[in-house]
Amino acid sequence: MRIVTRAIPALERPLDRAPDHVWMSPDISLWGWGEAVHFDPGTGPDRIQRIRSGLTDLHTSSEVDDDLGRPGTGLVAFISVTFATNSPGSVALVPRLVVGRAGDDWWMTTVDSSLEPPDPVESRPHPDRARYAGSSVPDVLWLEAVSAAIDEIHRGAYEKIVLARDYAVWSRHPFSPATVLGSLVERFPSCQIFRVADLVGASPEVLVRRRGTRLSSLVLAGSTGSHADAEVDRAAGNALLDSKKDRWEHELAVRSVREALDDLGVTYAAPEGPELLRLDNVQHLATPVTGDAGGHHVLDLVEALHPTAAVGGTPTEIALDAISRLEGMDRGRYAGPVGWADGRGDGDFAIALRCAELSGARARLFAGAGIVEGSLPEAELEETRIKLEAMMGALGAGSGRSR
Amino acid sequence: MDPRDVALRQALAPEEEGSLLTLPQLAEKADLSLPLLEALARQGLLLPRREDPTPRYHLDDAAAIRSGLELVEAGLPLGELLDLARRADEAMRPVAEAAVDAFVRYVSDPVEGTAPSEEEAAARLVEAFEQMLPAARRLVGQHFQALLIADARRRIT
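If you're matching them up, the sequences are chains A and B in order. So for the first sequence, the numbering used here puts the first residue at 1; every next one is plus one. So for the second sequence, the numbering used here puts the first residue at 1001; every next one is plus one.
Check the hints yourself; a few may be wrong.
Unchecked claim - Under 7 Å between C-beta atoms, here's a sample of chain A residues computed to sit facing chain B:
#: 1; residue: 136
#: 2; residue: 140
#: 3; residue: 144
#: 4; residue: 277
#: 5; residue: 378
#: 6; residue: 381
#: 7; residue: 385
#: 8; residue: 389
#: 9; residue: 393
Calculated directly from the structure, the hints in this document are not laboratory data. Note that beta-carbon positions come from the ideal geometry of N, C-alpha and C, so glycine has one too.
Construct the complete structure from the given sequences, taking the supplied hints into account.
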C-alpha cells in the first residue's frame, strides 16, 4: 500500500461531509472515508494483539510518504473491540482517506488513492424520533439481577460489578450517522465522539492515550448532575466528593488502572485522591494518570487496561464471570475499547459508553451502572433509564409529545 | 382514646393480625418478585398497613402490583412505569392530605357537633368513611381514565 500524508488548509464542517469513521476529541480529530483495509481479528483474549500485529505488518509492508510524522498521520486505523473476549464483532478499519486536525494544524492522508474529501451535504435533522422496540432483558429481570449482585457483594463474592442493559429502537427513516454525530457533538462537546463501523457514541472517559513515550489516562467513576444555580451546583459537587459510596467506586476504578499499569511494568503517577471534573452537565470524580509508555504500543496499553473496573468490576475476573451469569445479554462492542492507532503505535482510546449501534432504521443503545455495597436496584434502573433516554434523544428528533 | 377515633381506626385498618404479611411472605404468597416489592416499598409506592415492629403488608396490595405488571407485560418498561408511579405519587400525596383535611372539617366536625352521643357520632363517622372511600377511589380512577382517553384522542385526530 502507498500511504501519503500532506498538510492541508482547514476543512470546514467535516461532519457535513458524512465521514464513515470519526474520532473527535479536544486534542485531536480524525475523519475517515472509505475502507482500504477491513480487519476482523476474530474472538478470544488475543484479539487486540492480533489487531496490533496486523497494523504493524501493514505499516512495515507499506510505502509511507508522511510529511508531518506526528500522531495521527501516516497509517491510521479506526478500531473498536468487543467488551467480552468471546464476542464477535471487533474490527480495525484503515480508511482510504483520512483528514486530521490537531489545534490549527490540518492534514490529509490517502491510501492507494488520490481522493479528496466529499463536498458538504446539507445537514437536516432526523425527521422522526427514536422509537422503543424492546430490551434484551426485561426490566424486572434486570432489577432482580442487580439485587442478586448486591447480595453477592454483601456476602463478599466481589466488591463491584457493572451491569448494563440495552434498548432496541427503530425509526420511520434510517438513522443518519452524521446527524447523530452532530447531535452528540452539540450535547457532549467535552467528550470523545466516535464512529467506528457504525458504533456511534460520545465517551467522557479516556481509557488511554499514547504520544511517543508518554501515556495518559483519565479515570472517571462516580458522578452527579450539574445545576444552573452555582450554590446548588457546588453543594452537589461537594456531596459527591464526600460520598463514601462514590469515593469507593472511584477508588476501585483507579486501583484497576494502577494494577494494569503495574503488571505492564510502566512508570506512572496519579494523585492520591480524586478531583471534581465538570463535563457537559455532569460532575465526575476524576483521577488523571500520566506516565512513561515504556515503548509499549497503544494497543498493548489497551489490552492491559481493558476491562477497567469502570465497565467490569473488582476483582476483574470474578466480576466478569458474574456479568456473564447475571446480565443476560451480549454487550457487543459496548463498554469495549474504541479509538484509533497509527503505524508508530500512538493513539487514543476511550471506553465505548453512551453509544448506539446503528443499522439502517434500527439501533441498539446501551447503558450501565456500577453496583457496590449500598447500591439500590431501583436507583440503578433509574440511572440507566435516564442514560438511555438521553441517547434516544440524541438519535431522533428529540422529546415532546409522541404519537 | 376517643370512641370516634377507635371506630375510625378500626375502619382504617380492619385486618386481622394474621392477614398482614412481611415483604418476603407477601412475595411468596402472591408469587411476586421480592426485589421488585423491596424496590416499591423503598420508594413509598407500596405502603405498609402496619409499621411496628416490622412493616407488614396486606395481600390486597399485591393486586395493585399485579395491575402494574400487566402494564409491563403489555410493553411498558418497568423503569418508565416506576417513573410514572413516582410522579403520580408526588402529585397525589398533597391531594390526599387535603382530602383528609376536608373530611375532618366538613364531615367529622359537623358529626361531632350534631350527634346526640359519642357512640352515635362514631357510628355516623364510620358509615360516612365507608361510603366515601370507595367513592373517592372511583372518582379519581374515573377522572384519570378520562384524562388518558382525552389525551390519546388529541393525538389521534
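Verification of the hints:
Interface restraint check for residue 136 of chain A: the shortest CB-CB distance to chain B comes to about 12 Å, outside 7 Å, so the restraint is violated. At a threshold of 7 Å, the smallest CB-CB gap from residue 140 of chain A to chain B is about 5 Å, leaving the interface hint in force. Nearest Cβ of chain B to the Cβ of residue 144 of chain A: about 5 Å, under the 7 Å cut. The hint holds. Given the 7 Å rule on beta carbons, the hint for residue 277 of chain A is violated: about 28 Å separates it from the nearest Cβ of chain B.
Hint on residue 378 of chain A holds. Least Cβ distance to chain B is approximately 4 Å, under the 7 Å limit. Using the Cβ-Cβ criterion of 7 Å, the hint placing residue 381 of chain A at the interface with chain B is satisfied: the shortest such distance is roughly 5 Å. This hint holds: residue 385 of chain A has a C-beta 4 Å from the nearest C-beta of chain B, less than the 7 Å allowed. Annotation: interface hint on residue 389 of chain A violated; nearest CB of chain B at approximately 9 Å, more than 7 Å.
For residue 393 of chain A, the shortest C-beta to C-beta distance to chain B is roughly 15 Å, which exceeds 7 Å, and the interface hint is violated.
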